[in-house]
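J.: If you read the sequences in order, they're chains A and B. Taking numbering that gives the first Met the number 0, the leading residue of the first sequence gets 0, the next gets one more, and so forth. Taking numbering that gives the first Met the number 0, the leading residue of the second sequence gets 0, the next gets one more, and so forth.
Simulated from the structure, these hints should not be mistaken for lab results. Owing to the predicted nature of the structure, the values given are computational and were not obtained by experimental measurement. You may find that some hints are simply not true.
As the list claims (entries may be wrong) - Just some of the chain A residues that point at chain B, by a computed CB distance under 7 Å:
id: 1; residue: T2
id: 2; residue: Q46
id: 3; residue: A62
id: 4; residue: V68
id: 5; residue: L76
id: 6; residue: S80
id: 7; residue: E83
id: 8; residue: T167
id: 9; residue: P173
id: 10; residue: R176
Stated by the list, open to error - Label pairs and their calculated CB-CB ranges:
id: 11; chain 1: B; residue 1: G270; chain 2: A; residue 2: E243; range: 56 to 62 Å
id: 12; chain 1: B; residue 1: T248; chain 2: A; residue 2: Q276; range: 36 to 42 Å
id: 13; chain 1: B; residue 1: E190; chain 2: A; residue 2: R112; range: 19 to 25 Å
id: 14; chain 1: A; residue 1: G99; chain 2: B; residue 2: P234; range: 53 to 59 Å
id: 15; chain 1: A; residue 1: M166; chain 2: B; residue 2: Y173; range: 32 to 38 Å
id: 16; chain 1: B; residue 1: D258; chain 2: A; residue 2: Q276; range: 37 to 43 Å
id: 17; chain 1: A; residue 1: R112; chain 2: B; residue 2: T291; range: 56 to 62 Å
id: 18; chain 1: A; residue 1: I148; chain 2: B; residue 2: K166; range: 29 to 35 Å
id: 19; chain 1: B; residue 1: D258; chain 2: A; residue 2: G90; range: 40 to 46 Å
id: 20; chain 1: B; residue 1: Y173; chain 2: A; residue 2: G99; range: 56 to 62 Å
Every residue gets a Cβ at the ideal spot worked out from N, C-alpha and C, and that includes glycine.
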Amino acid sequence: MTTEQVFASTIERDQRVEPRDWMPDGYRRTMIRQIAQHAHSEIIGMQPEGEWITRAPSLRRKAILLAKVQDEAGHGLYLYSAAETLGADRGDLTRRLIEGRQKYSSIFNYPTRTFADVGVIGWLVDGAAICNQVPLCRSSYGPYARAMIRICKEESFHQRQGYELLMTMMRGTPEQRAMVQDATDRWWWPSLMMFGPPDADSPNTAQSMAWKVKRHTNDELRQRFVDMTVPQAEALGVTLPDPELAWNAERGHYDFGTPDWAELKRVISGDGPLNAQRIAHRRRADEEGAWVREAAAAHAAKRATGRAAT
Amino acid sequence: MSFDDAYQALTDHDDDARWAYGTGFTDPLAGVPTDVPDGADPGDLTAYCLMLGDDALVLSHRLQQWVTRAPELEDELAVANIALDLLGQARLLLSRAGAVEGAGRDEDALAYHRDAGDFRNVLLAERADADFAHLVARLLVFATWRLALLDRLSASGDPVLAAVAAKGVKEVTYHREYAAGWVVRLGDGTELSHRRMSDAMAAVAPLTGELFRAHPVEARLAGAGIAVDPGALRPEFDAVLAQVCAAGTLTVPAADPADPAGPAGRHGVHGDGLAAVLGELQAVARSLPGSTW
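The shape of chain A in the complex, shown without the other chains:
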């Protein structure tokens, strides 16, 4: 068999492509792009919630939030490592991020206005992320699939913690209940946009499905998320801000309204509420840490020289 045939057969038999295996350049590029975007999303995604760690209104919530944001840093580290198995370099990927040459999930360009946003991000944003990511545990690229198994477990935990915060707030004061409804109103549509453009406008889907690096279409996953979330909203006692939302017995699914795709395009193309601020923050951290990384490298080089001399 030729290398191309071995690759095709691996995909065909639902087996995993591993770092040392031959793979088409397009597959390698697609995987680096997909994994890097995911890694960037984890790192930029630390910011909206990270802003609330120091202000969390109870020590228990503070510990939960701090641990969650730390998990996201861990996911980023994991994913950059998976990208490095394809020949990418973490420092180079970070430069691409802060120069705007690689993207991250557009959801993190929205602001977090109150502490209820922390709960709603856990419930809706992490919920949508899980719907997107659980099928990736069966991605044809081995290191990514294995990273996703661990990440999905932790994301699922975060979603529960977010939902539990909202449940607690809904049992609190009228002001707290209003905060939860307000946060739900602001995050619902951006969460639906996390699944990407409608299938008709998703140019990469067919190839990605054929390579088994994507398992369901954007619209399938969006529907799954809506079906999963509506009963959770009812249990919570909040209203989802969509007058068209209704159970369709014939389809066995909820019907729902159309997200503002023009808004998604604006946010993806860099014109969302906080795109510039998110990247500027990441760039500042990278620049302010440069002297520290250089010192570590210099120290390591001296140690290596010292060892070689003895």
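Fit chain B to the given chain A structure using the hints.
T.: Positioned in the frame of chain A, the structure of chain B alone reads:
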């Protein structure tokens, strides 16, 4: 293995026990006896728990401010981890303080509804970090001191303090190792990092005197075998700092034991650093009175 099981888990509303994992406990000392050991004055024991708890709470806050700003992802994880450890220690100690005090104040009442003058942390904990060198210099000094303290406190006559200390020893051993590693790397690394690390060690030196001066509460409780006399920690502290500084080609900064002069953090005398920490820490909790979190 079916990877789609996670969907099932998300819509499963009947397993309340699993929601509670890691988040359900609201009282960190639930089920722990609250008796005060013989020979200890409850007021003194409350104050001592606040001292050690406030040290951890306030330094944890300063470390939390580094989240999303660390020089490398590995350090993002490490600094958050240390902040989380210290927050955990603070929760146990503040809960213990509230229980011994017996006035119905829990960890949150003590963290969010005391004013600066009632905080008992050392000044070392509350200062802002000018850069990453300041972070690791302060952390090295703090962790070296606290490790020596907790190590001795794990033999305290108060079983709760002894248990909290024994747990903390494992955590702070790592904090000290992490900080020492960076002090050595930055001291030895480049000309620039050496200068910044030297400046940071010099900046932290005036805040070390307070660490070894016994407050009357500490002196009385040390006499009763409950607390640790901080003065006894100095030889171990000096030896560790000398070793780390030598490895990092740094001069051990000279510290005047009288610094900071006069009553300081242990007596409730604080600087702008604590005001800034409390302004941020307490803002949301105080703006929504009567709320449940």
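J.: Now tell me, hint by hint, if it's right for this structure.
T.: Taking the hints in turn, this is what the structure says about them:
For A/T2, the shortest C-beta to C-beta distance to chain B is roughly 28 Å, which exceeds 7 Å, and the interface hint is violated. This hint holds: A/Q46 has a C-beta 5 Å from the nearest C-beta of chain B, less than the 7 Å allowed. For A/A62, the interface hint holds, since its Cβ comes within 7 Å of a Cβ in chain B; the closest pair sits about 5 Å apart. At its closest, the beta carbon of A/V68 sits 6 Å from a beta carbon of chain B; the interface hint therefore holds under the 7 Å criterion.
Annotation: A/L76 was flagged as interfacial toward chain B, and the flag holds, the nearest CB pair being 5 Å apart, inside 7 Å. Below 7 Å, beta-carbon pairs count as interface contacts, and A/S80 has none with chain B, the closest being about 10 Å; its hint is therefore violated. Interface hint at A/E83: violated, since its Cβ lies 12 Å from the closest Cβ of chain B, which is beyond the 7 Å cut-off. For A/T167, the shortest C-beta to C-beta distance to chain B is roughly 6 Å, which falls under 7 Å, so the interface hint holds.
Because the smallest distance between the Cβ of A/P173 and any Cβ of chain B comes to about 10 Å, over 7 Å, the interface hint for this residue is violated. The interface hint given for A/R176 is violated, since its Cβ lies 11 Å from the closest Cβ of chain B, which is over the 7 Å cut-off. Restraint check, B/G270 to A/E243: a C-beta distance of roughly 57 Å satisfies the suggested window 56 to 62 Å. B/T248 and A/Q276 have their C-beta atoms about 40 Å apart, which keeps the hinted 36 to 42 Å range intact.
In this structure, B/E190 and A/R112 break the distance hint of 19 to 25 Å, their C-beta atoms being roughly 45 Å apart. Between A/G99 and B/P234 the beta carbon distance is about 55 Å. The supplied range of 53 to 59 Å therefore holds. A hinted range of 32 to 38 Å for the beta carbons of A/M166 and B/Y173 is consistent with their spacing of about 35 Å. Distance hint check: the CB atoms of B/D258 and A/Q276 are about 40 Å apart, consistent with the given range 37 to 43 Å.
Between A/R112 and B/T291, the C-beta spacing of about 20 Å breaks the proposed range 56 to 62 Å. Separation of A/I148 from B/K166 is about 31 Å and conforms to the stated range, judged on CB atoms against 29 to 35 Å. Between B/D258 and A/G90 the Cβ separation comes to about 42 Å, which falls inside the hinted range of 40 to 46 Å. Between B/Y173 and A/G99 the beta carbons are some 37 Å apart, a value that contradicts the proposed interval 56 to 62 Å.
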